[in-house]
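If you're matching them up, the sequences are chains A and B in order. If you read the first sequence in UniProt numbering, its first letter stands for residue 1, the second for the next number, and so on. If you read the second sequence in UniProt numbering, its first letter stands for residue 1, the second for the next number, and so on.
Calculated from the structure, these hints are not laboratory results.
Pairs of lysine-lysine, DSS-like flavour, derived with a Cα cap of 25 Å:
1. LYS189(B) with LYS74(B)
2. LYS57(A) with LYS4(A)
3. LYS207(B) with LYS138(B)
4. LYS49(A) with LYS4(A)
5. LYS361(B) with LYS11(A)
6. LYS292(B) with LYS59(A)
7. LYS95(A) with LYS260(B)
8. LYS54(B) with LYS23(B)
9. LYS38(B) with LYS54(B)
10. LYS9(B) with LYS56(B)
11. LYS11(A) with LYS292(B)
12. LYS129(A) with LYS95(A)
13. LYS4(A) with LYS361(B)
14. LYS24(B) with LYS5(B)
15. LYS38(B) with LYS24(B)
16. LYS23(B) with LYS56(B)
17. LYS361(B) with LYS57(A)
18. LYS161(A) with LYS11(A)
19. LYS59(A) with LYS361(B)
20. LYS24(B) with LYS54(B)
21. LYS56(B) with LYS38(B)
22. LYS134(A) with LYS95(A)
23. LYS207(B) with LYS95(A)
24. LYS134(A) with LYS154(A)
25. LYS4(A) with LYS292(B)
26. LYS4(A) with LYS56(A)
27. LYS38(B) with LYS55(B)
28. LYS138(B) with LYS74(B)
29. LYS11(A) with LYS102(A)
30. LYS361(B) with LYS49(A)
31. LYS102(A) with LYS260(B)
32. LYS27(B) with LYS55(B)
FRET-style restraints, in silico, Cβ to Cβ:
33. ASP21(B) with GLY81(A): 51 to 57 Å
34. ILE296(B) with ALA33(A): 23 to 29 Å
35. SER133(A) with GLU253(B): 44 to 50 Å
36. PHE356(B) with THR35(A): 26 to 32 Å
37. ASN376(B) with SER77(A): 33 to 39 Å
38. ASP108(A) with GLU233(B): 53 to 59 Å
Every residue, glycine too, gets a C-beta built ideally from N, C-alpha and C.
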Amino acid sequence: MSKKTYDLLFKLLLIGDSGVGKTCILFRFSDDAFTSTFISTIGIDFKIKTVELRGKKIKLQIWDTAGQERFHTITTSYYRGAMGIMLVYDITNEKSFENIIKWLRNIDEHANEDVERMILGNKCDMTDKRVVSKERGENIAREYGIRFMETSAKANINIEKAFSELAEAILDQTAGKENNDNQERVVVDRKNQEKSPAYSRCCTS
Amino acid sequence: MSAYKSRLKEFENLIIEDEIDIKKLRKFIHSGIPECAKYRALCWKLLFNYLDPKKKNWESHLERQRNNYNNLIKDLVIPPSCKNVDLSIDHPLSDNVDSTWSTYFRDNETFLLQIDRDVRRLLPDISFFQMPTAYPCKLVVDSETDIRLHRRVAPSVLSSANVERKGLGMKKINLIVKRAPENYEAMQKGQEANWEVVERMLFIYAKLNLGQGYVQGMNEIIGVIYYVFASNEDHAEFAEADCFWCFTNIMSEIRDFFIKTLDETDMGIRGMMNRLVRMLELKDVHVANRLKEQGILPQYYAFRWISLILSQEFDLPDVLRLWDSILADENRFDYLIYVCCAMIILIRDQILENDFEHNVKLLQNFPPMDINYVLNRADQLAESSST
Ligand SMILES: Nc1nc2c(ncn2[C@@H]2O[C@H](COP(=O)(O)OP(=O)(O)O)[C@@H](O)[C@H]2O)c(=O)[nH]1
Ligand SMILES: [Mg+2]
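Could you put together the complete structure from these sequences and hints?
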């Protein structure tokens, strides 16, 4: 068996309606590629990627879930162990954005209280098909005190960044727990969202 | 070679009878169908109980079933505007909520969109589903207006339907939309791709089973059956109608896999996964313990294995061979559990060696393996259990 080649292990989860691009986002992040022909995810899938943050090797164990209602009993059992959750919607699909509220409620019900959350508005390369403005994404994120980014798995926009910011937030949290002097807490970020680097500008809309 | 020939002869003798001995046939097919390109479609129709063992009943039965299916298309697929509906009382702009039109839009929202996404990405490794069928549905492709199902969920149509749903008035509904660029795969007038046929069958199935609707994964199951029928010259002409009824029959056996509220029952998906775990504990306790210690739940891999009858775990030709045995088994979903158990045992050495992540990856991406090897192992497991 291989010996431990990392300092920390973070478990992340991708959720959101079916078809918003979760599998593509994960594939872009883990294999740096895009194919438009993924078969639908049934149940749950799994990928690993190791990143380096502040001199620490962090292994990300990322679970990709099926979006359809039928699979919720199967997928919500993974919420509990997750340290970070990415909620994905599709900027060309109004319904998937409206459902973000539903997914947030799911997190409240099933995940750990201190789980780090991030909302992603995916497919931001499809400017001519956009129906959800960036402002609406930002507003809902502000309302719930969550990080937000627009991404494109296809054009490789903000994918890497989304994962490393989520990982960084978890790292802050774990560091904060270990050491109370460390004031670089997530809560602080949340109060300053406007200036926070989490609010990166992607596709100018 | 001569062993093969005598096997073929034995098989042909079985199916030449006026009344086919289904019990014998099942037993025979368990070890594969000879000349499968020629005979598989027929055998599956028998195994799905779609064809009666008595051949004299075939003609009238098939005619009736195909007619029934055609009527379903007329009732459920052809939009109200193409029928003789009195436009003054049931017009898209009417605000009668029970109107045929509002049903039409509700269906778009609830399941057609999901079906549409899934059939477009059916078995992407083969080109079959993107190719035109030689037997398109005339009612649809020859219609004056474009009434293909996927047009109803094209982005522009959908957003109009959304406007209606939000109560901003129905005036915005505009059914005459330009073809969206992502519909480029759609065929020319008079033609239809195989995925469009699958879309129609799933749509009709969902409309007839509203309580269950469409669940992701059904596409994979119906895709396999349709492929077998439509790629056989003798069965291609009525592949759609025949496939629809065979799918309906198999769904009546496995529908519990697809219903969330039945997850915990014996035939529900969790019941099946528990059976797999118990079997593995009996057959190879080391591996079973290893998986348990690492916290690798059957949900991580067996959920998909079982609910899709292994259709995503192997290449298509192997899936077909596997389904021959599973469909031929009288207790067919017991045999499925044996196959799953055999798959785990065949990679036991790696499982005992690997850490958590590698094991999850291994189980979620089952390594290429001779399918006969897997089936032999499953047979051994089944035999050792029955004695
Ligand atoms: N244009 C565009 N299409 C995308 C993007 N991400 C995913 N897609 C497409 O959206 C569809 C669904 O993607 P998938 O990852 O399977 O969605 P999932 O159901 O959420 O896992 C596929 O056809 C992808 O090609 C993106 O960033 N841009
Ligand atoms: Mg997916």
